[in-house]
Amino acid sequence: MIAYLLRRLNLFVVTIFVVTLATFALNYLFPGDTLENLSGISSHQTAEYNQIVQYHGFDHNIVYQYGMYLQHLWKGDWGISSSSGNDIVEEIKLVLPATLELSVYAMVLSLFIGIPFGFWAGLRHRRPIDLGILSASVLGYSIPVFWLALLLILFFALQLGWLPMSGRISLLYDIPHYSGFILIDILKSDIPNKQDALSNAIRHMILPTLSIALVTATIVIRITRRSVADVMQSDYIRAALARGLTRPQVFWRHGLRNTLLPILPQLVLQFTTLLTNAMIVEVIFSWPGIGNWLMQAVYVQDFPAIRGGVLAVSIVVIIFTLLMDIVLRVINPLKNRDIHGTI
Amino acid sequence: MFLLDVKNLTLEIETTNGWVKALDKVNISLKRGEISALVGESGSGKSLIVRTIVGALPERWKITADRMTWKGQDLLSMSEKARRKLTRDEMSVFFQNAPDAFDPTATLGEQLRESVPDKMLDKGFFWQRKQQRDALIIKYLHKVGIKNHRQCMQAYPHQVADDVCQKVMLASALVSKPELLIADDPTMGMEITNKVQILRLLTRLNQTQNLSILFISHDLLAIGNMATDMTVLYCGQTVESGKMAQLRNKPLHPYTQALLNSAPSFRKDLPPKAPLSSLSGTIPTLQHLPIGCRLGPRCPRAQKECVKTPSPKKLQNRSYSCHFPLNRSIE
Ligand SMILES: Nc1ncnc2c1ncn2[C@@H]1O[C@H](COP(=O)(O)OP(=O)(O)OP(=O)(O)O)[C@@H](O)[C@H]1O
Ligand code: SF4
Ligand SMILES: [Mg+2]
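Protein chains in written order, with the working numbering: chain A, -16 to 326; chain B, 2 to 332.
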């Protein structure tokens, strides 16, 4: 286990290193003068400019510049947004939790929708209900997420007027920033009309969460269905039935675990795709998350912000995948399968 | 009365080329206390018969039979629940490929405990019942030749060798004290000492506890020593069945003859350095079954009539399906 953890840690360090290298390369790939992009200062003669040159190491070679970049990153100095003039780390701290909140809810929701339907279809493999669920999931998968989001807005927000179409919470409420997760923040705060604020925030959340979750759920359904169908046809399920266990007993004792274990990694990996979808959907729902923020940065060519945002999202994805890898390994009884011989 | 009686069992399975009859009018029956052998080349459908009898087939496959009864009760029209109860209490199966027949995510102990029917335990608190369960299991593990029962029960299937899996499977089949054991190649790939031990155990259980056994194996020598009856299967059709001794001495069906000849240790009259005989060709795949007698293309005695499926004929207490049987002079 220690060896395994060390290996993972090693992988983590290497990946982060590659990501920093990539974002560092971005500096030079952006159009225009690199230093001007980074600092927003265009006059070359001032004392300030010389300071910037030194700060970024531009009076030395590129390896030294990269060293400086890493050093700054490490110290938490990710640069200043050229459009707002704020510290980028501070801005990311505000927007990233909003995205994570949306993604986590959407992920949970998609699992809650996808796994039961996947099981239903898999247990009725090749019967009408299975084909129905499968067709629906293929259809759902073929719909682009932004179009689905627009459809949902059109129907639930504009036609029926049931739900708000943009934002995270009504402007009437002023929620103090605490964790960045709005539901937690509301519960933590001591504003007078907590209940109303909470329901308002939830109402704002429904449509974006739903549009992201539905797309992921279609994938979850198909992954689960395949696995259930395979497991239920396997020899040990037949053997367990022949041992005289009832179908529900066989399913709960042997089917469920064997179905979920192999697909958990696949399901978890969907989170990265989901994060991308979330960032697209944010733009449509004006959700104040990192996707929206990055889009704005792209519009106004705020290069330090783009660089910082890309780095932040990458780090989130890397940490998440790594943690899940470790968690899955810990809960899997077959983890030593390849290591130990047989008795 | 027959314990198990199967008449004209036909099983149609779905392959990539559509539906084919993997079993075609199979007859097999077994009396109480008998050891009956089921033999045939690889791919002749022995395991399919086993799975049909215990109901471990995909639901889509079509089973038809004139008769498929257990102690007079019809298995096909029986409710699923009644059938489970029956396979739990009265008959046990040893599946071929034991390692695949265990759930890879549960320990062998957990799966063994499932095989102990509740009715074999005294009433008591659940921990007492667990102890009784474990005691029973350990007793049977010792019987099949596993000494290190604790380690074995805590192991996951992938952690033990294949022959340990086979032994555990046998223990799990025997622990419910069944009346019939269906053993599908229980000694496959085992080394000789283990094999002898298992076969001896089965013979002893047959003699002392009147356990009936439907024994499937490729080991004709073992079968010859143990079984009282034999059914020969070729390509999903029963070609001949009857008493072991009769079949051995005077096979009627060319396939039985070929099968017996292919086992040198089975022939008393084999001169030294004689060439080994075998049928030419190989068993056809399900996609390319010949019409009529399925042995036709490989049969040395085949004639024009053989494109019609031979119907089973009775001769004393044996039956065979062939237009031109051997050794008919015994009449
Ligand atoms: N699940 C399946 N799907 C399609 N065909 C199958 C399936 N299971 C078995 N068959 C086919 O049915 C035929 C009989 O197989 P079976 O396993 O019963 O043979 P067997 O007599 O047990 O052979 P062996 O001695 O090797 O165990 C084979 O041709 C096999 O290809
Ligand atoms: S029926 Fe014909 S082909 Fe079939 S075994 Fe008899 S002689 Fe051979
Ligand atoms: Mg077989």
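Read the hints as simulated data drawn from the structure, not as lab findings.
Misleading hints may appear alongside valid ones.
One side of the interface only, derived from the structure: several residues of chain B facing chain A at Cβ under 10 Å [as the list claims (entries may be wrong)]: (1) L87; (2) D90; (3) D101; (4) G110; (5) E111; (6) P118; (7) L122; (8) D123; (9) S177; (10) E180; (11) G190; (12) G225.
Counterexamples of contact, computed for chain B against chain A with all Cβ distances above 10 Å [to be verified]: (13) A102; (14) S116; (15) A303.
Here are some, though not all, of the chain B residues that point toward chain A, as calculated from beta-carbon distances under 8 Å [to be verified]: (16) V55; (17) A57; (18) P59; (19) K63; (20) A83; (21) T88; (22) F96; (23) N98; (24) F103; (25) T106; (26) R114; (27) E115; (28) D119; (29) A223; (30) M227.
Ideal Cβ placement from N, Cα and C applies to all residues, glycine included.
These are the hints, each one checked on the structure:
1. L87: For B/L87, the interface hint holds, since the closest Cβ of chain A sits about 8 Å away, which is under 10 Å.
2. D90: holds, 7 Å
3. D101: Result: holds, 4 Å to nearest chain A Cβ.
4. G110: violated, 13 Å
5. E111: This hint holds: B/E111 lies near chain A, its Cβ roughly 8 Å from the closest one there, short of 10 Å.
6. P118: Holds, because the Cβ-Cβ distance from B/P118 to chain A comes to roughly 7 Å (cut-off 10 Å).
7. L122: violated, 15 Å
8. D123: Hint violated; B/D123 Cβ to chain A Cβ min 20 Å, cut 10 Å.
9. S177: holds, 8 Å
10. E180: violated, 14 Å
11. G190: violated, 14 Å
12. G225: violated, 28 Å
13. A102: violated, 4 Å
14. S116: violated, 5 Å
15. A303: holds, 37 Å
16. V55: Status holds, d = 5 Å.
17. A57: Result: holds, 4 Å to nearest chain A Cβ.
18. P59: Check passed: Cβ of B/P59 comes within 7 Å of chain A, closer than 8 Å.
19. K63: Violated. Min distance 15 Å.
20. A83: violated, 11 Å
21. T88: The hint holds - B/T88 has a Cβ within 8 Å of chain A, the shortest such distance being about 5 Å.
22. F96: Result: holds, 5 Å to nearest chain A Cβ.
23. N98: holds, 7 Å
24. F103: Since the shortest Cβ distance to chain A is 6 Å, the answer is holds.
25. T106: It holds, given that the least Cβ distance between B/T106 and chain A is near 5 Å, below 8 Å.
26. R114: violated, 11 Å
27. E115: Hint holds; B/E115 Cβ to chain A Cβ min 6 Å, cut 8 Å.
28. D119: violated, 10 Å
29. A223: violated, 24 Å
30. M227: With a minimum Cβ separation of about 23 Å from chain A (threshold 8 Å), the hint on B/M227 is violated.
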